[in-house]
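Engineer: Each chain, written out:
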Amino acid sequence: MSRRTRLAAFKAVLVALLLAFTLFPAFWMLSSAFDARAGSAGKGLLPQEFSLENFEYVLTEGGFDVFLRNSATVALVTVLASAVLALLASVAVARFRFRFRTAMLLMILIVQMVPLEALVIPLFVQVRDLQMLNTLLGLIIVYVALSLPFGIWMLRGFVAAVPKELEEAAYLDGASWGRMFRSVLLPLVMPGLVATSVFSFITAWNEFIFAMTLLGGATENYTVAIGLKQFFGEHSNDWGAIMAASTIITVPVMVFFVLVQRKLASGLVAGAVKG
Amino acid sequence: MVDLVNRPPVASGAPAPAAAGGPTRPARRRRHPLVAARPWLLLGPALAVLAVLLLWPLVRVVLFSLQDYGLREIVSGEPNWIGLANYGEVFTDPTLYTVVLPNTVGFAVLAVAGTVALGTGVAVLMASLGPLWRTIVGSAIMVAWAMPAVTGTYVWIWIFDADRGIVNSTLQALGLQDDPVNWFTNRWTFYGIVLLNVIHHGFPFVAITILAGLLGVPKEMLEAAEVDGAGPWRRFFSIIVPSLRQVFAVVIILSTIWDFKVFAQVYLMPGGAGTNREALNLGVWSYVESFGQNRYGFGSAIAVLLTLVLLAITVVYVRTLLKEEEEL
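Residue numbers (my numbering), protein chains in the order written: chain A, 1 to 275; chain B, 1001 to 1328.
By construction, these hints were calculated from the structure, which means they are not laboratory data. Please note: incorrect hints may appear among the correct ones.
Taking beta-carbon pairs under 10 Å as the criterion, some of the chain B residues facing chain A (in silico) [unchecked claim]:
#1 1039
#2 1053
#3 1137
#4 1200
#5 1222
#6 1226
#7 1237
#8 1241
#9 1283
#10 1284
#11 1307
Which residues of chain A face chain B? A partial, calculated answer using Cβ under 8 Å [unchecked claim]:
#12 23
#13 25
#14 57
#15 92
#16 106
#17 113
#18 128
#19 130
#20 132
#21 136
#22 142
#23 144
#24 213
#25 242
C-beta atoms are modelled at their ideal positions from N, C-alpha and C, and glycine is treated no differently.
Construct the entire structure; sequences and hints are all you get.
Structural biologist: As structure tokens, this is what we get:
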């Protein structure tokens, strides 16, 4: 065997191992979700009895129809509110020079790193004082705050990338600042705004610790991330249902994720990768 | 693509070239009170939200940590100062040294090393593949990346389930063990599963980022080194690693920040929510003490310590970023 074919074979083995490791959990989730007898001992790689039974159960008796609606409401309102706030703030830091601008940016960067475990105690007390425990509104307000720093940070780059000359041209044509914002800046920043919104959608959809803490007792207000707990029994767990529900949660995230992944990765590295 | 997002706003600060002889600026741009206030008007709403919902809570968690803050104090709103007693208790608690710190720091070290090593390996592999296979591998790791932490954790629990999990049934079918093993009761196998979960979820970001950097390393440099007789390892460590130092720094720091505060991946595991004291890490300990025992003051002290650790790492991160961009 020549050196070249040996190298190719070696690479093929590596790729096969990598694909197996990467895809196995997702495959196993799907295989169990579509298996009517997922919970029985010695389940094989493929479903023993292919059926949609688990999905039916999850969406009716399991209450996931309600949880899905709650999660969608929370995520959409969060996205709209944080998109507006983040866009305005990012225009301020990207287009204007003012005192404390750098301090503001550093604060936004640092505040992203604060662990949720540290925020959950005071925010629990705060939301409780506002009498908004167990309500979706309380959760939405917290999520808007959580997705803002990253949103501002990412949009700042998109706004800065719009050539300043386009704005000046609009002014020369007699446009006011508001008109320029609507007709020049907004359309050009739209792709970035979509990417950022998808990111805050994913954050709100996946979030676990606040949903668990703030919605504690109100089962009817559960979001999907904490609704999964329903299927864990005292002695045995309904794995078919858990995997079907996990599939339902994961699919929208995967679709959105593929749409924005490039922008997400580059937003995080923030200029460290330069071609 | 990469540059588009965060190109530093170089041109925005510089004055526009003045037309010869004419007025340097259009009259419209004269400083008007409204114009000076405009950035603050734009920033105001977001700033108000951040101040009330992120900064004030951060101050409050520090205030709570200096009190014996329980249910009674939450209901009455009365302060109950006890100075640094909570911190004293944290630092004298043997759990901190035997369980929590090893589970937090030791775990983070292993997870970062594993994530970065695997991510770099995958990036190098992807760089050597043709376009078709690179797309296939890229899509596959995207699936791992996009899996939400909560559902991903449940899938790993199911894979290692004591009664009917595929790991136990496979090992038994192969005759490697006689009875099913409960992987979650032992501290080492418990964190082994968390490690697998976190690396599986975390390496795609590292791989994609480093791949982007790898593709940017000038081909001529590598070819020149090859002509000079440098082998693949030598080329990797003498050319690629130094030119990607900045990328590696950012990837390592971000992974460290993320792996220090793993919560759902531990909390959701059987016994991870406090019943198995051996499995506590800083974040889970803080949460369990607060919401399980109603000792919000003590939990806040732990949370403050976790925040300080992360803040220190963040300072390093910000300095790394600042080195790259002259201005934010």
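Engineer: With chain A as the partner, please determine if residue 1200 (chain B) meets the hint condition of a C-beta pair closer than 10 Å.
Structural biologist: Holds, because the Cβ-Cβ distance from residue 1200 (chain B) to chain A comes to roughly 7 Å (cut-off 10 Å).
Engineer: May I ask you to test the interface hint for residue 132 (chain A) with respect to chain B, counting a Cβ-Cβ separation under 8 Å as satisfied?
Structural biologist: Where the cut-off is 8 Å and the nearest Cβ of chain B is about 12 Å from residue 132 (chain A), the hint is violated.
Engineer: Go through the hint on residue 92 (chain A) and say holds or violated, using the shortest Cβ distance to chain B against 8 Å.
Structural biologist: 4 Å, holds
Engineer: Is the interface hint for residue 106 (chain A) satisfied, with its Cβ closer than 8 Å to some Cβ of chain B?
Structural biologist: 7 Å, holds
Engineer: Against chain A, with CB atoms and a cut of 10 Å, does the hint on residue 1307 (chain B) hold up?
Structural biologist: 5 Å, holds
Engineer: Under 10 Å, Cβ to Cβ, is where residue 1137 (chain B) needs to be relative to chain A, so tell me if that hint holds or is violated.
Structural biologist: This hint holds: residue 1137 (chain B) lies near chain A, its Cβ roughly 6 Å from the closest one there, short of 10 Å.
Engineer: Under 10 Å, Cβ to Cβ, is where residue 1284 (chain B) needs to be relative to chain A, so tell me if that hint holds or is violated.
Structural biologist: Interface hint status for residue 1284 (chain B): holds (8 Å vs cutoff 10 Å).
Engineer: Any CB of chain A closer than 10 Å to the CB of residue 1053 (chain B)?
Structural biologist: 3 Å, holds
Engineer: Would the stated hint for residue 57 (chain A) survive a check requiring a Cβ distance to chain B of less than 8 Å?
Structural biologist: 16 Å, violated
Engineer: Answer holds if the nearest beta-carbon of chain B is closer than 8 Å to that of residue 142 (chain A); otherwise answer violated.
Structural biologist: Constraint on residue 142 (chain A) satisfied, holds at 7 Å.
Engineer: Should the interface hint for residue 25 (chain A) be scored as holding, given a Cβ-Cβ cut-off of 8 Å against chain B?
Structural biologist: Holds, about 5 Å.
Engineer: Does residue 213 (chain A) pass the interface check with chain B, least Cβ-Cβ distance below 8 Å?
Structural biologist: 6 Å, holds
In this structure, the hints that do not hold are numbers 5, 6, 7, 8, 14, 19, 20, 21, in rising order.
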